[in-house]
Amino acid sequence: MDIFIKIVKKTSEICGVIATFLLLLSVLAIVHMVVERYVFNLSTVWQTEFVIFSLAGATFIGSPYILLKKGHVNVEIIPHYLGKRGKFICALIASLTSFLFCLIISYVAFQYWHESYTGDWKTGTVWDAKIWKLMISFPIGMTLTSLQYIADILSLLTGREMPFQNPNTGEAH
Amino acid sequence: MDPSVIGILVIIVTLIVFGSGAPVAFGLGIVAIIFLFGFQGFGMTKILAETFFGGISEFTIVSIPMFVVMGIAVAASPAGKDLYSALDRWLNKVPGGLVVSNLGACALFAALSGSSPATCAAIGKMGIPEMRERGFSKEISAGTIAAGGTLGILIPPSITMIVYGISTETSIGKLFIAGLIPGIMLTILFMAWAIFKIWWTTRNNDQNFKDLIFKNYSWKEKFEVLPKVVPFLLIVAGVLYTLYGGIATPSEASGVGAFFCILLIAVVYKIYQPKKIWSILTESMKESGMIMMIIAASYLFSFALSNLYITQTVAEAMTTLKVNKWVLMFMINIFLLVAGFFLPPVAVIVMTAPILLPIIEQAGFDPYWFAVILTINMEIGLITPPVGLNLYVINGIAPDINLKEILTGSLPFMLCMVLAIIILCIFPEIATWLPNKLFTK
Chain A
1 MDIFIKIVKK
11 TSEICGVIAT
21 FLLLLSVLAI
31 VHMVVERYVF
41 NLSTVWQTEF
51 VIFSLAGATF
61 IGSPYILLKK
71 GHVNVEIIPH
81 YLGKRGKFIC
91 ALIASLTSFL
101 FCLIISYVAF
111 QYWHESYTGD
121 WKTGTVWDAK
131 IWKLMISFPI
141 GMTLTSLQYI
151 ADILSLLTGR
161 EMPFQNPNTG
171 EAH
Chain B
1001 MDPSVIGILV
1011 IIVTLIVFGS
1021 GAPVAFGLGI
1031 VAIIFLFGFQ
1041 GFGMTKILAE
1051 TFFGGISEFT
1061 IVSIPMFVVM
1071 GIAVAASPAG
1081 KDLYSALDRW
1091 LNKVPGGLVV
1101 SNLGACALFA
1111 ALSGSSPATC
1121 AAIGKMGIPE
1131 MRERGFSKEI
1141 SAGTIAAGGT
1151 LGILIPPSIT
1161 MIVYGISTET
1171 SIGKLFIAGL
1181 IPGIMLTILF
1191 MAWAIFKIWW
1201 TTRNNDQNFK
1211 DLIFKNYSWK
1221 EKFEVLPKVV
1231 PFLLIVAGVL
1241 YTLYGGIATP
1251 SEASGVGAFF
1261 CILLIAVVYK
1271 IYQPKKIWSI
1281 LTESMKESGM
1291 IMMIIAASYL
1301 FSFALSNLYI
1311 TQTVAEAMTT
1321 LKVNKWVLMF
1331 MINIFLLVAG
1341 FFLPPVAVIV
1351 MTAPILLPII
1361 EQAGFDPYWF
1371 AVILTINMEI
1381 GLITPPVGLN
1391 LYVINGIAPD
1401 INLKEILTGS
1411 LPFMLCMVLA
1421 IIILCIFPEI
1431 ATWLPNKLFT
1441 K
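From first to last, the protein sequence lines stand for chains A and B.
The C-terminal residue of the first sequence carries number 173 in the numbering used here, and the numbering is unbroken.
The C-terminal residue of the second sequence carries number 1441 in the numbering used here, and the numbering is unbroken.
Be a bit skeptical, because a hint or two may be false.
Unchecked claim - Just some of the chain B residues that point at chain A, by a computed CB distance under 7 Å:
1) F1018
2) G1019
3) P1023
4) G1029
5) I1030
6) L1234
7) G1238
8) L1240
9) E1252
10) G1255
11) L1281
12) M1290
13) P1344
14) P1386
15) L1389
Source of the hints: derived by calculation from the structure; they are not laboratory data.
Glycine included, every Cβ here is placed at the ideal spot set by N, Cα and C.
All chains, full assembly: derive it from the sequences and hints.
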């Protein structure tokens, strides 16, 4: 089990790097777009769509990393006032419901992506990019977030991690 | 089943899911899916994917990550400290100068970062110890920063306003401008309270205490700090000018703003090491990814509410209530205040704005004015327990000031915010005049 949790953790960390890179590319693409459009008075071709899909990609691919770092904001008032057992039950409910959501979205995302692939959907703009290439981050990101949830739930059940533990300080609330 | 009964069930299930500590984004999403599947069957899986993905694949939304990068880049540099010391050096003759400087620094930093906790942390780290060293009480030191930090979501650029603009399909540029004068007004109200409080506290004190508070600076000291601060203020001015001058879209302006902020911290503060820039970007990716995921999930949530006819039923019920529009506004304010006590601003806005906006418009209120009212409500939520994010940020940077002391210090500022809401209700033009003037060109 340790190996599984480690592999998932490493994968999520790699996702964090890819998502950060996508964000960096987006900043540069916007600057490029603004210079082309407003300095050289040229019409832009690919930048707008590239930025939109890069940032959507950064959101989905970055999601498992954000989960690993407990960066998805939540409200911990009730667990805060509960005892050890109460905290554990809350953490389990929170993780299971969230996992279920990510799993369902992964499934529908794959369906949606598959449809865009078989239907050869294109953006229909000057760039006319293939949508399946731009949208691949959606099913992959949500699936990896589901995997990170499995690792989190296993860690919680086996006592490897305390409920609502801060990944940076190691402290539980 | 009657839509109002389903609506009540939605509220109960949402409270249970959020109460368990599930992330807001995934919590919203699973509630939407449970009710869609439960009441409409499994036939709409394709729409689920389309709605969720479509929620964040728009060009307008691009401004959120870009402003986040801008804020985190500036927060990673000592710009907050320099802003604060610049104001302190220039405002030292004003009664309660240091507290006023802190509030001013918060307002200016808010214009750079668009985030309340970031403003609190950046100004508070230096501001709180300095205020206490110069004889100000724990309460006033902590309260000033907690309240000053909340300006982050009102003064443009504001991430909260972008989220409102996306949720309600209103113009982001116009929303930004709508927040400008109310933001300045609130800053002045905060300052007025601070000056009164300091005057009241020091009126019978001995000369020593006054010397401690009113520190003197030479002209050299006053001018030497300016070159570090002015470029950042120029970026803010540039972003706002391009926005309301109609020169570029918010997304373009924010992207270039983010780039220039990174460039400036490299030039002014020598933060150019790839590792440091990377960590700024990673932090930004985490923050913006979290917000974007909430927005994507909120699209699912709104879709479910509308598909189950809950939104329409609430709107109909509100309009048939036949209450005075100000009573309605009062009720909405109370509702928003309570929601803001428990949920982060982004979540409150994405969940409630699409439902409230038709009601507001039908009652004859301006949607841009309402955005300002809603944001001030969210600001109050940021300094009230149990979720008040700013309280915990201050508790983190000044651990010896307990939550009760921070709250005692923040309370008068909260009343200033309530006063601001009342003033805005009496004079809505404070929020609507500038955007109407600038956007009718």
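Going through the hints against the structure:
Satisfaction of the interface hint for B/F1018 is found here, the shortest Cβ-Cβ separation to chain A being roughly 5 Å, below the 7 Å cut-off. Taken as an interface hint, B/G1019 checks out: its beta carbon lies about 5 Å from the nearest beta carbon of chain A, inside 7 Å. The interface hint given for B/P1023 holds, since its Cβ lies 4 Å from the closest Cβ of chain A, which is under the 7 Å cut-off. Because the smallest distance between the Cβ of B/G1029 and any Cβ of chain A comes to about 5 Å, under 7 Å, the interface hint for this residue holds.
With a cut of 7 Å, the hint placing B/I1030 at the interface with chain A holds, because the nearest CB-to-CB distance is about 4 Å. For B/L1234, the interface hint is violated, since its Cβ never comes within 7 Å of a Cβ in chain A; the closest pair sits about 17 Å apart. Interface restraint check: B/G1238 against chain A, minimum CB-CB distance 12 Å, threshold 7 Å, status violated. With 7 Å as the threshold, the beta carbon of B/L1240 stays out of range of chain A, its nearest partner Cβ sitting at about 16 Å, so the hint is violated.
Satisfaction of the interface hint for B/E1252 is found here, the shortest Cβ-Cβ separation to chain A being roughly 5 Å, below the 7 Å cut-off. This hint holds: B/G1255 has a C-beta 3 Å from the nearest C-beta of chain A, less than the 7 Å allowed. Hint on B/L1281 holds. Least Cβ distance to chain A is approximately 5 Å, under the 7 Å limit. Taking 7 Å as the C-beta contact cut-off toward chain A, the hint placing B/M1290 at the interface holds, the least distance being around 5 Å.
A least Cβ separation of about 6 Å between B/P1344 and chain A falls short of the 7 Å threshold, and the interface hint therefore holds. A cut of 7 Å between beta carbons decides the hint on B/P1386: the least distance to chain A is about 4 Å, and the hint holds. At about 9 Å, the closest approach between the beta carbon of B/L1389 and any beta carbon in chain A exceeds 7 Å, and the interface hint on this residue is violated.
The structure fails to meet hints 6, 7, 8, 15 from the earlier list, while all remaining hints are met.
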